[in-house]
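A.B. asks: Take a look at the letters that make up each chain.
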Amino acid sequence: MVTAEQVKQYIAAGLDCTHLDVEGDGHHFYATVVSDAFSGKRLVDRHRLIKEVIKARLLNNEIHALSIVKAQTPDEWRQQQG
Amino acid sequence: MDTQQLIKQTVTENPVVLYMKGSAQFPQCGFSSRAVQLIKACGVNKFVTVDVLADPLVRQGIKDYANWPTIPQLYVKGEFIGGSDILAEMYQNGELQTLLQEFAV
Chain A
1 MVTAEQVKQY IAAGLDCTHL DVEGDGHHFY ATVVSDAFSG KRLVDRHRLI
51 KEVIKARLLN NEIHALSIVK AQTPDEWRQQ QG
Chain B
1 MDTQQLIKQT VTENPVVLYM KGSAQFPQCG FSSRAVQLIK ACGVNKFVTV
51 DVLADPLVRQ GIKDYANWPT IPQLYVKGEF IGGSDILAEM YQNGELQTLL
101 QEFAV
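Order-wise, the sequence lines are chains A and B. For the first sequence, the UniProt record's numbering assigns the number 1 to the initial residue and increments by one for each residue that follows. For the second sequence, the UniProt record's numbering assigns the number 1 to the initial residue and increments by one for each residue that follows.
Quick caveat, the hints were computed from the structure, so don't treat them as lab data. Any given hint could turn out to be false.
Unchecked claim - Dumping the calculated DMTMM-like pairs for lysine to aspartate or glutamate here, alpha-carbon to alpha-carbon at most 25 Å:
1) Lys41/A to Glu79/B
2) Lys41/A to Glu89/B
3) Lys63/B to Asp51/B
4) Lys51/A to Asp64/B
5) Lys41/A to Asp16/A
6) Lys55/A to Asp25/A
7) Lys8/A to Asp21/A
8) Lys55/A to Asp64/B
9) Lys8/A to Glu89/B
10) Lys51/A to Glu79/B
11) Lys63/B to Glu52/A
12) Lys41/A to Glu95/B
13) Lys55/A to Glu89/B
14) Lys8/B to Asp45/A
15) Lys41/A to Asp64/B
16) Lys41/A to Glu102/B
17) Lys21/B to Asp45/A
18) Lys63/B to Glu62/A
19) Lys63/B to Asp45/A
20) Lys77/B to Asp45/A
21) Lys51/A to Glu95/B
22) Lys55/A to Glu79/B
Claimed, not checked - Covered stretches of chain A (in silico footprint by chain B; criterion: 3 or more residues with CB under 8 Å from a CB of chain B, positions within the stretch not fixed):
23) 33–47
24) 62–74
Stated by the list, open to error - Partial selection, computed: residues in chain B whose CB lies under 10 Å from chain A:
25) Trp68
26) Pro69
27) Phe80
28) Ile81
29) Asp85
30) Ile86
31) Ala88
32) Glu89
33) Met90
34) Asn93
Glycine included, every Cβ here is placed at the ideal spot set by N, Cα and C.
Extracted from the complex, chain A is given alone in its bound form (with noise of 0.2 Å):
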């Protein structure tokens, strides 16, 4: 079964991330990525990059689902933490 910490470095692999938080049970994981690369797009493209990055590994079932919880620039997650 595929750790949190697996579907963390997936990710981090394929998308540059200057914060990157993963968890899950193994079937369902939850990920918020902050990444540079989402710069002036819809949060719609944002979400298209991150499970790009995964694509094969969501087709085969390797994770069953992701689910994105925030997929921020660097700008907006500083904003946010205050």
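With chain A's structure known, arrange chain B on it following the hints.
C.D. replies: Same frame as chain A, but now just chain B:
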């Protein structure tokens, strides 16, 4: 009319459309239910829902239309906004309220 044309007509002729499993009153899936709750939480009570379980052609067709693999899917003024994760994140940061403001009662 083929399915893609039908979908295009539906999302352009109605300002707020949610493709979902079940109806707003009786959602058949937790993600669809969450999407309905988020739209209502923005004060929008009148919006069109399309039950994809009622038509296999639409169920597949809507995934092709948006090039997005999952349901629910929200469209506002013809534009694909996202699924339930995206609606939740937009609601949290206030974007969804802004987007739907003009349709709130």
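A.B. asks: Determine for every hint whether it applies to the structure shown.
C.D. replies: Hint by hint, here is what the structure shows:
1. Between Lys41/A and Glu79/B the alpha-carbon distance is near 15 Å, which keeps this suggested pair within the 25 Å criterion.
2. About 14 Å separates the Cα atoms of Lys41/A and Glu89/B, which keeps this hinted pair within 25 Å; it holds.
3. Of the pairs offered as hints, the one joining Lys63/B and Asp51/B holds, with about 14 Å between alpha carbons and a cut-off of 25 Å not exceeded.
4. Only pairs whose Cα atoms come within 25 Å are accepted, and Lys51/A paired with Asp64/B is accepted, the gap being roughly 16 Å.
5. Taking the CA atoms of Lys41/A and Asp16/A, the gap is about 15 Å. The hint holds against a cut of 25 Å.
6. Our distance criterion of 25 Å between C-alpha atoms is met by Lys55/A and Asp25/A, whose separation comes to about 19 Å.
7. The hinted pair formed by Lys8/A and Asp21/A meets the criterion: a straight-line CA distance of about 7 Å does not exceed 25 Å.
8. With a CA separation close to 16 Å, the supplied pair Lys55/A and Asp64/B stays within the 25 Å bound.
9. This hinted pair checks out: Lys8/A and Glu89/B have alpha carbons roughly 20 Å apart, not beyond 25 Å.
10. Only pairs whose Cα atoms come within 25 Å are accepted, and Lys51/A paired with Glu79/B is accepted, the gap being roughly 20 Å.
11. Simply put, Lys63/B and Glu52/A have alpha-carbon atoms about 16 Å apart, close enough for the 25 Å limit, and the pair holds.
12. With a C-alpha separation of about 14 Å, the suggested pair Lys41/A and Glu95/B falls inside the 25 Å cut-off, and the hint holds.
13. With a C-alpha separation of about 21 Å, the suggested pairing of Lys55/A with Glu89/B holds against the 25 Å cut-off.
14. For the hint linking Lys8/B to Asp45/A, the alpha-carbon distance of about 20 Å falls within 25 Å, and the restraint holds.
15. Our distance criterion of 25 Å between C-alpha atoms is met by Lys41/A and Asp64/B, whose separation comes to about 21 Å.
16. Restraint check for Lys41/A and Glu102/B: the C-alpha separation of about 23 Å stays at or below 25 Å, so the hint holds.
17. Simply put, Lys21/B and Asp45/A have alpha-carbon atoms about 23 Å apart, close enough for the 25 Å limit, and the pair holds.
18. With a C-alpha separation of about 22 Å, the suggested pair Lys63/B and Glu62/A falls inside the 25 Å cut-off, and the hint holds.
19. A distance of roughly 15 Å separates the Cα atoms of Lys63/B and Asp45/A; the hinted pair therefore holds under the 25 Å criterion.
20. Between Lys77/B and Asp45/A the alpha-carbon distance is near 18 Å, which keeps this suggested pair within the 25 Å criterion.
21. Restraint check for Lys51/A and Glu95/B: the C-alpha separation of about 22 Å stays at or below 25 Å, so the hint holds.
22. Of the pairs offered as hints, the one joining Lys55/A and Glu79/B holds, with about 24 Å between alpha carbons and a cut-off of 25 Å not exceeded.
23. Given a C-beta distance limit of less than 8 Å, the hint that chain B covers the segment 33–47 of chain A holds, as 3 residues qualify and 3 suffice.
24. For a cut-off of 8 Å, the count of residues in the segment 62–74 of chain A with a CB near a CB of chain B stands at 5, and the three-residue condition holds.
25. With 10 Å as the threshold, the beta carbon of Trp68/B comes within range of chain A, its nearest partner Cβ sitting at about 8 Å, so the hint holds.
26. Satisfaction of the interface hint for Pro69/B is found here, the shortest Cβ-Cβ separation to chain A being roughly 8 Å, below the 10 Å cut-off.
27. The restraint placing Phe80/B at the interface with chain A holds, with a minimum CB-CB distance near 7 Å, inside the 10 Å limit.
28. Checking Ile81/B against chain A: minimum C-beta separation of about 7 Å stays under 10 Å; hint holds.
29. With its C-beta approaching chain A no nearer than about 5 Å, Asp85/B sits inside the 10 Å limit, and its interface hint holds.
30. Hint status for Ile86/B relative to chain A: holds, with the closest Cβ pair at about 5 Å, below 10 Å.
31. A distance limit of 10 Å between C-beta atoms decides the matter here; for Ala88/B the minimum to chain A is near 8 Å, and the interface restraint holds.
32. The beta carbon of Glu89/B comes within 6 Å of a beta carbon in chain A, closer than 10 Å, and the hint placing it at the interface holds.
33. A cut of 10 Å between beta carbons decides the hint on Met90/B: the least distance to chain A is about 6 Å, and the hint holds.
34. At its closest, the beta carbon of Asn93/B sits 8 Å from a beta carbon of chain A; the interface hint therefore holds under the 10 Å criterion.
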